[in-house]
Amino acid sequence: NAGVTQTPKFRVLKTGQSMTLLCAQDMNHEYMYWYRQDPGMGLRLIHYSVGEGTTAKGEVPDGYNVSRLKKQNFLLGLESAAPSQTSVYFCATDQVFGQRDTEAFFGQGTRLTVV
Amino acid sequence: AQSVTQLGSHVSVSEGALVLLRCNYSSSVPPYLFWYVQYPNQGLQLLLKYTSAATLVKGINGFEAEFKKSETSFHLTKPSAHMSDAAEYFCAVTHDYNNNDMRFGAGTRLTVKP
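Those protein sequence lines, which keep their order, are chains A and B. Just so you know, we're using this note's numbering here: the first sequence kicks off at 59 and counts up by one. Just so you know, we're using this note's numbering here: the second sequence kicks off at 359 and counts up by one.
One should not assume that every hint holds.
[Unchecked claim] Just so you have them, the derived chain A footprint on chain B, three or more residues with Cβ under 8 Å:
no.: 1; stretch: 377-385
no.: 2; stretch: 402-415
[As the list claims (entries may be wrong)] Over the 10 Å line for every Cβ pair with chain B, so calculated as not near, a few chain A residues:
no.: 3; residue: V70
no.: 4; residue: Q75
no.: 5; residue: G98
no.: 6; residue: G100
no.: 7; residue: L101
no.: 8; residue: R102
no.: 9; residue: G121
no.: 10; residue: R126
no.: 11; residue: K129
no.: 12; residue: S142
no.: 13; residue: T144
no.: 14; residue: F164
no.: 15; residue: Q166
no.: 16; residue: G167
no.: 17; residue: V172
Please keep in mind that the hints were generated in silico from the structure rather than gathered at the bench. By construction, the Cβ of each residue, glycine as well, lies at the ideal position given by its N, Cα and C atoms.
If we strip away everything but chain A, and leave its shape as in the complex, we get:
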């Protein structure tokens, strides 16, 4: 039982390159989230999904796109990477609304550097 798995764990991109970060969960959770973590700023929500086929913008969505084609996977895309997107990215999931469980489970993070 892997929980929440992020791929890759590290990546260095050149400015203007594109990449996709994958988040996979095996907990059958409906809700999935992408955060970025920057020094002194905590975690900020980029995009989230409340179910397969649905996505919504979070606090800092610009420069990112997401897709949730399958319930267990949530992809975060950078179409044209910029140095300002250098950060640690975390995926999180939690249970279906109504089960009254608000604990979010986090992946181990992806450290992205854009040069």
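For this one, chain A is given, so just place chain B on it according to the hints.
Just chain B now, with coordinates in the frame of chain A:
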């Protein structure tokens, strides 16, 4: 929109000493409050949460936090620090039960000296 402020980006204590990490929140509606811990090179792990039940919340690893509405605070405490408590701690607030409007504090790095 709700927000949290963590007072002190770094806190250092001696092993066996009291741990106190401060968090103040701002919310126009009753909040749900959380403390998460992040060990090096790992994701966040829930320590405890307040969801409008008991104001004194006990979590894992001997940590607890008290919700004080009059002070808009949710400080995290542990009576006796252990070396293994060294980590970064994040306070978070939401009024939405499903985390999609959760706001995190900037974090407090706890160092435990032998």
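Checked hints:
1. A stretch counts as covered by a chain when three or more of its residues have a beta carbon under 8 Å from one of that chain; for the stretch 377-385 of chain B and chain A the count is 0, and the coverage is violated.
2. Evaluation of the coverage hint for the stretch 402-415 of chain B: fulfilled, as 5 residues show C-beta separations to chain A shorter than 8 Å, against a requirement of three.
3. At roughly 17 Å, the least C-beta separation between A:V70 and chain B is larger than 10 Å, which holds for a residue marked as non-interface.
4. Look at A:Q75: its CB is around 25 Å from the nearest CB on chain B, clear of 10 Å, so calling it non-interface holds up.
5. For A:G98, the shortest C-beta to C-beta distance to chain B comes to about 5 Å, within the 10 Å cut-off, and the non-interface label is violated.
6. With a closest Cβ-Cβ approach of about 4 Å to chain B, A:G100 is found to fall inside the 10 Å limit, against its non-interface label.
7. The claim that A:L101 lies off the interface is violated: its Cβ sits roughly 4 Å from the closest Cβ of chain B, which falls inside the 10 Å cut-off.
8. Its closest Cβ contact with chain B, about 7 Å, brings A:R102 to no more than 10 Å, contrary to its assignment away from the interface.
9. No Cβ of chain B approaches the Cβ of A:G121 within 10 Å, the least distance being about 20 Å, so the stated non-interface status holds.
10. Distance check for A:R126 against chain B: the nearest CB is about 13 Å away, which clears 10 Å, and the non-interface claim stands.
11. No Cβ of chain B comes within 10 Å of the Cβ of A:K129; the nearest lies about 16 Å off, and the non-interface call holds.
12. Annotated as non-interface, A:S142 keeps its C-beta farther than 10 Å from every C-beta of chain B; the closest such distance is 18 Å.
13. Its beta-carbon lying about 17 Å from the closest one in chain B, A:T144 satisfies the requirement of being farther than 10 Å from that chain.
14. Against the 10 Å criterion, A:F164 falls within the reach of chain B, whose nearest CB is about 3 Å from its own CB.
15. Distance to chain B contradicts A:Q166 as a non-interface residue, since its nearest Cβ pair spans about 5 Å, not more than 10 Å.
16. Against chain B, the non-interface label of A:G167 is violated: not every CB pair exceeds 10 Å, the least being about 6 Å.
17. Annotated as non-interface, A:V172 keeps its C-beta farther than 10 Å from every C-beta of chain B; the closest such distance is 20 Å.
Going down the numbered hints, you'll see the structure goes against 1, 5, 6, 7, 8, 14, 15, 16, while the others check out.
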